[in-house]
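J.: The listed protein sequences derive, respectively, from chains A and B. Under the working numbering, the residue at position 159 of the first sequence is numbered 306, and the numbers go up by one with no gaps. Under the working numbering, the residue at position 60 of the second sequence is numbered 207, and the numbers go up by one with no gaps.
It is worth saying that the hints were derived from the structure and are not from the lab. Some hints could be false.
Copies of one chain are not kept apart here, so a pair can be met inside one copy or by any two copies together.
[Claimed, not checked] Listed below are the simulated DSS-like cross-link pairs for lysine-lysine, each with C-alpha atoms no more than 25 Å apart in a straight line:
| # | residue 1 | residue 2 |
| --- | --- | --- |
| 1 | Lys245 | Lys321 |
| 2 | Lys351 | Lys297 |
| 3 | Lys336 | Lys355 |
| 4 | Lys297 | Lys321 |
| 5 | Lys293 | Lys307 |
| 6 | Lys290 | Lys351 |
| 7 | Lys245 | Lys289 |
| 8 | Lys351 | Lys308 |
| 9 | Lys321 | Lys308 |
| 10 | Lys263 | Lys297 |
| 11 | Lys307 | Lys240 |
| 12 | Lys355 | Lys297 |
| 13 | Lys240 | Lys290 |
| 14 | Lys245 | Lys263 |
| 15 | Lys308 | Lys289 |
| 16 | Lys321 | Lys168 |
Protein chains: 2
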Amino acid sequence: MTNQIITIGREFGSGGRELGKRLAEQLGCAYYDREIVLALCEKNGLAQQYVENITSAGIQTYYPISYGRTFSTNRYYNNENTQLIVMQQQIIKELGSKSNCVIVGRNADIILREYKPFNLFIYSDISSCIERCRSRENEDNKKSDKELKKQINQINTNRKKSRALVTEIPWGAKEAYHLCINTSNLTIKDYINPVALLAENYFKENEK
Amino acid sequence: MTNQIITIGREFGSGGRELGKRLAEQLGCAYYDREIVLALCEKNGLAQQYVENITSAGIQTYYPISYGRTFSTNRYYNNENTQLIVMQQQIIKELGSKSNCVIVGRNADIILREYKPFNLFIYSDISSCIERCRSRENEDNKKSDKELKKQINQINTNRKKSRALVTEIPWGAKEAYHLCINTSNLTIKDYINPVALLAENYFKENEK
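This is chain A alone, in the form it adopts within the complex (with noise of 0.2 Å):
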């Protein structure tokens, strides 16, 4: 029986990680987000922060849209940053190979698809997303609507750039996940039991 795989695309404020978390709980399993990043960056003796910026965003910018599809070739592979995204995905192969999971983020969906993961995509309305970023804030370091609106557009588009590397299909078409989840109108844990239920339904049917 192979690894049963959850793995979640989220738009930045959407809940994701919660829910993620959440999940992981009720079905017993590993839960990994960035962990990932913090294993990479002791494997490399890195700033936490300067690895996250690079396996993030946008190393597009540097190296052809092909990229993602010759990724077994080392054609591409002669610098440092590169070899950051190639280390982050053996160590998402690694994850995935481990136990069963849950992952947020970092591509998951694709980079394991060998697994037949259950992939799903959580977005919210901008103003929730707004609202859950205000909850989780420091209080030394308010941002205002605008600000916060800012940032949430940005990290969900250097999150589209970094998927664009490894996938067509663009990140958050609902195409390319099992469930898409609206979270702009429910508590996250109202979600746990129905998608820890569809999730064990799905991994019954791919057992047969």
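Starting from the structure of chain A, add chain B where the hints point.
T.: Leaving out everything else, chain B in the frame of chain A:
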């Protein structure tokens, strides 16, 4: 307490109709689909196919795109086709006011928005849609894959056009729905318990 309404938008061949029927059965509520058209026909004494053609497709060739947003005025209501569309909307409103229900298609999510319905969109990859259409086909009237694909695309295009009459958000754009379900990999019955549970959570939250 307001009526609990679930609306289902769907790609042709995605199984949205079966999902809607089973969901209504599970929740013990009314189910509407072509019944709406039939009711409309009876009220007008018109042939069902004629009404179906008008109400599901391209009336926007006769009317400006702003028609949907001027719905409450009588400016454009000088033509039998338009009157039929309006009557269908009235029938949907009547059905929505009567009891809890599941309504498939007919842009019911927009028409009944005052009820805060739980809105689903059901989609599927083209090969699954073809397979599903194939399984429903009449033995005497077999179509090639190419013909089925053409038919599916044509019906989806009509749905797009019909939706453009009532909202600016494109047909199938995930922002308009609470949940988008890709039925390519699971049998429809696998969705019923999870979706029913989620709908119940949604109505519970919205009662508050």
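J.: Against this structure, judge whether each hint is valid.
T.: A quick look at each hint next to the structure:
1. Lys245 x Lys321: The answer is neither: 28 Å in one copy and 33 Å across copies each exceed 25 Å.
2. Lys351 x Lys297: neither (42 Å within a copy, 33 Å between copies)
3. Lys336 x Lys355: between (30 Å within a copy, 16 Å between copies)
4. Lys297 x Lys321: For lysine 297 and lysine 321, both the intra-copy (24 Å) and inter-copy (22 Å) Cα distances are at most 25 Å.
5. Lys293 x Lys307: within (21 Å within a copy, 33 Å between copies)
6. Lys290 x Lys351: neither (45 Å within a copy, 33 Å between copies)
7. Lys245 x Lys289: neither (40 Å within a copy, 48 Å between copies)
8. Lys351 x Lys308: For lysine 351 and lysine 308, neither the intra-copy (34 Å) nor the inter-copy (38 Å) Cα distance is at most 25 Å.
9. Lys321 x Lys308: Both ways: lysine 321 and lysine 308 sit 17 Å apart in one copy and 20 Å across, limit 25 Å.
10. Lys263 x Lys297: Cα proximity of lysine 263 and lysine 297: none, with 35 Å in one copy and 29 Å across.
11. Lys307 x Lys240: within (21 Å within a copy, 40 Å between copies)
12. Lys355 x Lys297: Result: close neither inside a copy nor across copies, 46 Å intra and 32 Å inter.
13. Lys240 x Lys290: So lysine 240 and lysine 290 fail the 25 Å test inside a copy (37 Å) and across (43 Å) alike.
14. Lys245 x Lys263: within (15 Å within a copy, 44 Å between copies)
15. Lys308 x Lys289: neither (28 Å within a copy, 44 Å between copies)
16. Lys321 x Lys168: Both: 22 Å inside a chain and 23 Å across chains, each within 25 Å.
Checked against the numbered hints above, the structure breaks hints 1, 2, 6, 7, 8, 10, 12, 13, 15 and satisfies the rest.
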